[in-house]
Each structure stands twice: as structure tokens, then as C-alpha cells.
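Colleague: Okay, here's what each chain looks like letter by letter:
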Amino acid sequence: MTPAEAREALDVVARARRQVADEVGLPRLYWWAMAVAWVLAGVLQEFGPQVAVSILGLLFGTGHAAFASRYLDGRRRRARLRVSASVAGRRTPAVVIGMLLGLVAVTVVAGNLLYADGAGHPSIWASILVGAVIGLGGPEILATLRRWTRA
Amino acid sequence: MSARFDELIHPSTRLILVATLAATDWAEFAYLRERLGLSDSALSKQLATLEEAGYVATERRLEGKRHKLRARLTDLGREAFGGHVAALRSIVDGSIPDS
Numbered sequence: 001m002t003p004a005e006a007r008e009a010l011d012v013v014a015r016a017r018r019q020v021a022d023e024v025g026l027p028r029l030y031w032w033a034m035a036v037a038w039v040l041a042g043v044l045q046e047f048g049p050q051v052a053v054s055i056l057g058l059l060f061g062t063g064h065a066a067f068a069s070r071y072l073d074g075r076r077r078r079a080r081l082r083v084s085a086s087v088a089g090r091r092t093p094a095v096v097i098g099m100l101l102g103l104v105a106v107t108v109v110a111g112n113l114l115y116a117d118g119a120g121h122p123s124i125w126a127s128i129l130v131g132a133v134i135g136l137g138g139p140e141i142l143a144t145l146r147r148w149t150r151a
Numbered sequence: 152m153s154a155r156f157d158e159l160i161h162p163s164t165r166l167i168l169v170a171t172l173a174a175t176d177w178a179e180f181a182y183l184r185e186r187l188g189l190s191d192s193a194l195s196k197q198l199a200t201l202e203e204a205g206y207v208a209t210e211r212r213l214e215g216k217r218h219k220l221r222a223r224l225t226d227l228g229r230e231a232f233g234g235h236v237a238a239l240r241s242i243v244d245g246s247i248p249d250s
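Chains F and L, in that order, give the protein sequences.
So the first sequence is residues 1 to 151, counted in the numbering used here.
So the second sequence is residues 152 to 250, counted in the numbering used here.
These are calculated hints, taken from the structure and not from any lab test.
Bear in mind the structure is a predicted one, so any value in this text is a computation, not a measurement.
Don't take each hint at face value.
Computed spacing ranges between beta-carbons, pair by pair [unchecked claim]:
id, chain 1, residue 1, chain 2, residue 2, range
1, F, Ala4, L, Arg184, 24 to 32 angstroms
2, F, Thr149, L, Asp226, 28 to 36 angstroms
3, L, Ala154, F, Leu100, 40 to 48 angstroms
For glycine and all other residues, C-beta sits at the position ideal for the given N, C-alpha and C.
Extracted from the complex, chain L is given alone in its bound form:
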């Protein structure tokens, strides 16, 4: 995985969101909202930003009588996240100049 600092992923809330999704195959909107302590609109906004970049895909599923939104990291998102983590490690190791 090549190290590549990703400005889109790095902001704290988005980093937690992407790191959480990276550890899952998918997660429901309610779980993410609870985990990140965000309002519905704030989480929707973060997901929309990541979806526009092609990092996240969302899917609305009917469960019982309710629609539930699932989010998952796309292959592109996983690659970007892996590159970002590698870049952070490189900075910690001092192997690349500070950005």
C-alpha cells in the first residue's frame, strides 16, 4: 500500500467514520450515528461527502416495515484509507517530511 496523505479523510470526524467503516463489511446509519455521536444531518453530510468522492457507498434496505441505511467503504475508499494510514505511519517514523 503506497503512502498517500488524504485531505478528505483526515478531518477527525471523517477519520473516525472511515476507520470504523474500514473495520466492517458494512454498518448501519444508526450504529455510525451512535458511535460518532453525530446528529442525523451531520452524519448524512459526512457520508455524502465521502460518497461523492467514491469512498463510500450507501444502500437503503427494507427491514420489516422500516428502511435502514447501510454504508460501506468502496475499494477506492479502502485504498485511500490504507494509503492515508501508511502516510501517517511514515510521518511518525520520520521517513517522509512533515506535510
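Bound conformation, chain F alone:
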């Protein structure tokens, strides 16, 4: 066997491992639910009392802790496979939290830019923008971040 053939075989092994690792994640429905909550937060920020945004944040945090942890270790019941602990990694929940904080930062920056531009209801538009990113690309963003951070 030549080194090139061995390298090709190692690539096959790495790809198989990556495909299993990609099974760790949250269902797309979860991301769409988050997108809706994001827009709701934007609307509340614009029209509702500040306490309502805080309550929504608290509810979201509780829901996330209860639901996401079951998916992020790759060991949920009724799945078609159980990802090994070494492949699932322990950092994925931290990556999700980091991703959410990043999205909050993007929302705030987008809202401020829209406000500076004189747009009406900047919080709502910013939350719709980020909500669309979450709903359409949440799983892909998380998978990419996991790969970058080797989580």
C-alpha cells in the first residue's frame, strides 16, 4: 500500500467519524421554535414591558436546559444509534451557549445599525433577520462550530 492510498483510507475513516458526529445536534423543529421565540423577544422588546422579555429569556433557558441536553450528548432514547462519548464530546452544550450569545450580539448590533439608519421598529427587524438565520441555518451553524472547536 502506498502512502497516498493509506491517506485516502484515513480520509474515509475521518469522514465516517464526522458523519456520526453530525448526528449530535438539535432537531430542525427546535431551531424554528427558537426562531419564533427570537422574533417574539424582538416584538416584546419593542412594545412589551421589559419584564416580559426577562420572563421569555427565563422560560427559554429552562426549556433549553430540559430539552437540549437530551439531544446534545448523542445518547437520546429511540435514536437509531448511540454516538460514543468520545465522539459526542462534552463541549457541545458550551458551543450551543456560545452560539446563542453570539446570535444575541448580532441581534443587538443589527438593531443598533437599523436604529442609526432611522428604520422603524429596529428590534423587530433585527430579530426577524437573526430568527431567519436560526431557523434556516441553525443545525448547519452548530455543526460548523462543533467542527471548528473540535467539540
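Since the structure of chain F is provided, determine the placement of chain L on it from the hints.
Modeller: Relative to the frame of chain F, chain L by itself:
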């Protein structure tokens, strides 16, 4: 993990199958069939070959009204796979002669 090239694992389809199982605690037959793009009979044959060598263990479980087959890599299979990957790395690094 000592490097040991494994002729049984190396063929492309089996390598993907073993690498997939190595990344899991277990995987269902349907998942493996979909992932490898094999027919039922082709996958059964590959699993039987690995099971005969003691690399894979299969288990039929009743879920609802259906039986589902699960496959997992045995300790021997994990050791063989680890040795094979180490051998491939050695070849790439040029630390052992080409086989």
C-alpha cells in the same frame, strides 16, 4: 495501540462500516444500510463476516411490534480497528515500509 494492518477491515465498504461503528456505542441496521448505501443482503453479509471474526456483535431487539437489529464493535474489533488506523498512519508517516 500497536500498529497492525488488518486485511479484513481494509476493504472500502468494511472500513466505512467499522469506522462508523467505532464512533458509536451501537447502531441500528437501518442506519448503517442508509449510511453505506447497501442493500439488506449486502450489509448482512458484511456484518456476518465481521461477526465471524469476532469484531462485531449483533443483537435483535423488540421495539414496539418490530424487531430491530443493532450492531456494535466488540473490544476485539475496536482493538483491530485502532491497530489498523495506526498502521495506516505509519504508512503515511513513512515510518514502516509499504505493505
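Colleague: Against each hint, give a clear statement of whether it holds in the structure.
Modeller: Hints versus structure:
At about 30 angstroms, the CB distance of alanine 4 of chain F to arginine 184 of chain L agrees with the hint of 24 to 32 angstroms. Distance hint check: the CB atoms of threonine 149 of chain F and aspartate 226 of chain L are about 30 angstroms apart, consistent with the given range 28 to 36 angstroms. For alanine 154 of chain L paired with leucine 100 of chain F, a C-beta distance near 43 angstroms keeps the hint of 40 to 48 angstroms intact.
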